[in-house]
Each structure stands twice: as structure tokens, then as C-alpha cells.
Amino acid sequence: MAVKTEELVLNMGPQHPSTHGVLRLELELEGELVKSVKPHIGYLHRCFEKHAEAMTYPQIIPYTDRMDYLASMYNNFGYALAVEKLMDIEVPERVEYIRVIMGELQRIASHLVAIGTYGLDIGAFTPFLYLFRDREKILSLFEMTCGARLLYNYIWVGGVSHDLHPDFLRLTKEFIEYFRPNVDEINNLLTFNKIFIERTANVGVLPLDTAINYGMTGPNLRASGLKFDLRKDDPYSIYDKFDFDIPVGEGMVGTVGDCWDRYFVRVLELEQSLKIIEQAIEQIPDGDVTAAIPKRVKPPKGSIYTRVENPKGELGYFIISDGGLNPVRVKVRAPSFVALSVMDELCKGALVADVVAILGSIDIVLGEVDR
Amino acid sequence: MRTPEEIYEMLKNQFSDSILEFESELPVEKFINVSPSQIHSVSKYLKDHLDLQFDCLMCLSGTDDNNDEKTTDEDGNETVVPGTLSVYYNLHSIKYNHKVNLRVKVQKDKPEVESVENIWKTANWHEREAFDMIGIKFLNHPDLRRILMPEDWEEGSHPLRKDYENPEFYQGMKVPY
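Respectively, the protein sequence lines represent chains A and B.
When we follow this note's numbering, the leftmost residue of the first sequence carries the number 693, and every step to the right adds one.
When we follow this note's numbering, the leftmost residue of the second sequence carries the number 13, and every step to the right adds one.
Bear in mind the hints are in silico, worked out from the structure with no lab data behind them.
Built from N, CA and C at the ideal position, the CB exists for glycine as well.
Treat each hint with caution, since some may be false.
What the hints assert, rightly or not - DEER-style ranges, computed between Cβ atoms:
#1 Asp932/A / Asp60/B: 29 to 35 Å
#2 Ser53/B / Asp925/A: 28 to 34 Å
#3 Glu828/A / His61/B: 49 to 55 Å
#4 Asp60/B / Gly815/A: 42 to 48 Å
#5 Asn89/B / Gly839/A: 54 to 60 Å
Said to hold, decoys possible - Under the rule of at most 25 Å between Cα atoms (straight-line distance), these lysine to aspartate or glutamate pairs were calculated in the DMTMM-like manner:
#6 Lys133/B / Glu720/A
#7 Lys993/A / Glu81/B
#8 Lys120/B / Asp67/B
#9 Lys933/A / Glu890/A
#10 Lys742/A / Glu17/B
#11 Lys924/A / Asp901/A
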């Protein structure tokens, strides 16, 4: 007698510890195999773009903090660059250096959360605690600079809100010395752990042409084997002054573009960010950080699309100005929003248990997906 | 690597009637206006042409151009002539590292644009967002549903329209504001 079978629809989320926020995945299952995934988003929708139309340009900066709340510095950075380009403002050199140092510290902090929570998703609890211990040190550096630990409102149009604390550079140097050996610790604890490799290698393989077609950017794209980083390929600020490498996925333990590669590219980027910060600390000049902040931010009529290499990928701001004090339209191209749309492609044919491994590996932040 | 001007000339030769104009007066970014029914074939050409290869759709944004015309006659009756909505496409080629911006303008009372979803998959969610927020209908889109607003949000109500008003009730519940 033939057994009657039918497909099962399973809701993963909105409350689920591995969705990194409020996300619902509608899984269509055939036994243990995933046939399709439909992500349902919008649970954290706060109408950022509508609010932005009623605000003046500087007032929007705190809202950008709240999009990718693990990389607020970089969100400020991208927005400030977009408005500066629209207004044709040249910022002092010291500001550029401060921004790069903050941006790269933020990249490390964001990657530490990505790596730690990814281990947590797979079942490794200990690395998470080690990494959060190190992230705290970065947050303390930020707190020393601008008084906030998570949402900074630090990088302003034309400058930054405060100059660096007199001890900042010394403490950052100490942090680099302290943190550098810890990257090996991560590798020993998690990266080359046999169980971790079994769970992630050859899982959720994303071929390069699919990745480009879906608009994947940042570590997710590089893991698929393309050496593409906006800091090198579309340079902004002063990134062309620094010497650093772009790690790409090589399929060391599995296939190029699998979950392990996406994870490992982030680990390798930690070292590159440290390298950039070291060079920036060596070269940073003196100067007035508030000199170029305009009294009134009133860009001319026109539109601009500016993109920066956020820790999650390409963060773009599309701003239309009609020459007034408020923007007519601010659209954010959020890297997590785009990365989440590839879930269906990645999960087809995977096992249910691997959905968690795949979702963790693309490193999304729901605050940015829903805006 | 080609400049937007060269790309405009190439498009002009290929699609003489559907490329409307080249906006270059704006101080910041230049864009090419394309007619709504031709955007699919223009996009396909931009992606497939060997010297262009725009393989990456960076961003797709729907906007309300905020150009409704209000006229009040002698009796104080207001008549509104609806304005236009726009879709902006920001394209980039990884191979040649050049960029181009396209713009499609449609009338508010017939906001229909050809979808480019089968050229760049990125467009799928971005078009859904533009539909949800601005109310632009993308023809031939495989799954045009709301994405950020709740699924049961009132039909025809699109929050990023300039004439949008906050509803008093949502599914029978009073909306406090």
C-alpha cells in the first residue's frame, strides 16, 4: 500500500532565536527537504523613509543609527558622505581619518557579533561569550568618544560631533595589540572545529553569477569568489591611502561560496580592519573636526546615489533634494534587505536543520531589512 | 569604461523613440529618461551588450514627484490634476566599473511600468517595495505583493505618496497618533 504524503508548511518565526530579530520564514517542506522559503518581513517597519521626508538633513542622522544597529557608525558615515557629495563639501583631513578609524572599529564589532551569533546558531556557545567580551572593549572606545555605546549620532554632515578623547589613540593601539592574538583563538575554538565544519561546509552554496544577479554584496559576494570591495573598487573617503587585502572565499574545506566561506571571509576581514586602523593611527593629522560643518544644510536641487562598504555589504543612500531644508525622498538600499531575498534560492533542496545555518551565514540585521 | 553621455548616444541609436531625454542640467547626478513600456528592452540591452554589461542593479527606488496641480475655482471647489510617479534605476557594471542612472516617469492615474525582475533578481524585492510604498504597478512581476506593510493594509493606500493621510482605523482598531 502506498503511503499518502503531502507537503507541510512550517512557520519559522516571528519569534525564533535563530532569526536574529523578528522575521518569519514560511517553509514548504517535503519530509526533511525544503522545497521553498518565503520570507515575510516588515515586523520592524518604522517608516524611516517617511519620517526622513519631514526632517531636516542633520535630524535624519539619528534615524540612520537605528537601521543597522550593529554598525551605526557606518550608517552615519554613508549618509554624511551622500549629503556632502550633494552639497559639495570638502571635510578636513583629520575628520576623514577619524571616520575611517571609527568605521573599521565598527566593522570589527559587527563581524564579532556575526561570527559569535553564527556559532550560537550552530550550537557553539563559548565563542559567543569570548567575542562579546572583545566587542565590549570596542564599544567602550566609542563610549569614550561620543558618550553612546550603540547608537552614536557621531558622524555629522561635514565633520564629527566631538574630537577624539586624548587617550583614544593610545587605548586603540592597546586594543589592537590585545585583540590580534584573539583572532587565532576564534580559529581554534570555532573555525576549524570538526563539528562546525560538518555543519557549514558544502551547505548553502551560492554560485557567483547567482550572487551578482541577486545583488549580493560585501562578505557574501566575496565568499562566492569575486574580489570586489567598494573600499578598493569605488573608493570613497581616504581608503585609497591604506594598504590592505580583500579576502575572498576559496572553498578551503568545501565548495566556494558555501556557509563556511561566508563565515571565514568575515574572520579574515578582522585582520584587514586592524591593519587599516594601525595605518590610520600612524598618519592621523591634527586639525579642527567641526570646521566644515555647515550652519544650515541646504543642498541644491538634484539627486544622488552614494554607496559605502558597510560591514554587511553595499549600503546605498538615494537622496532627492528640491533645494529645501528637507529631502524630498530618502531611499536606503540596505545590504541585508537584498541578502535576505536570496534565501529561497539558497535553501532549495536543503535540510530543515540547515536553514538556520544558511540564514546565520548571510548575516542579516532586521532593523535594516525593515527600516 | 564609458561615460553616461556615451551610453546615452548608444541607447539613442538603438531605441530612437523610447529614450526620451538626457537630464544633464542637474548639478549632481545625470540620468536618462526612458518610456515605461520600453524599460525592459532597454535594460536587457544594457545588460547583454558586450561593451556595457551592466550586471548589477545597485538600487531601484520609487518616488512621488510631488507635482499635483491644485486649482481652486470661483466657488471654492478644488480640483486636483494628478502628477507623476517615478522609478529610478542605478546600474553598475562590475567588469567595466561604469555606472548609469535611468528614470521612468508615469502618470499617477495609470502607474504601470514593465518589470525588470527577470533581468536582475534584485529588482524582485525592490519593485515590491516600490509597489507597497508608492503604488507603482510592475507589469509581469511574478509576485507583486506588499512587502513592508501588513498584507491586509487597505488596498490602494500607499504611505510614501505625498498626498497620503494617516488612516483613522486599521482593521476596526483606532489608530492613535
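Now for the hints, and whether the structure bears them out:
1. Asp932/A / Asp60/B: 29 to 35 Å: 32 Å, holds
2. Ser53/B / Asp925/A: 28 to 34 Å: Since Ser53/B and Asp925/A have Cβ atoms about 29 Å apart, the given range 28 to 34 Å holds.
3. Glu828/A / His61/B: 49 to 55 Å: About 52 Å separates the Cβ atoms of Glu828/A and His61/B, which means 49 to 55 Å holds.
4. Asp60/B / Gly815/A: 42 to 48 Å: 45 Å, holds
5. Asn89/B / Gly839/A: 54 to 60 Å: For Asn89/B and Gly839/A the Cβ distance comes to about 55 Å; the hint holds.
6. Lys133/B / Glu720/A: Answer holds: Lys133/B to Glu720/A is near 21 Å, not above 25 Å.
7. Lys993/A / Glu81/B: 20 Å, holds
8. Lys120/B / Asp67/B: It is violated: about 30 Å lies between the C-alpha atoms, which goes past 25 Å.
9. Lys933/A / Glu890/A: Distance of about 40 Å is beyond 25 Å: violated.
10. Lys742/A / Glu17/B: 33 Å, violated
11. Lys924/A / Asp901/A: 21 Å, holds
Checked against the numbered hints listed earlier, the structure breaks hints 8, 9 and 10; every other hint is satisfied.
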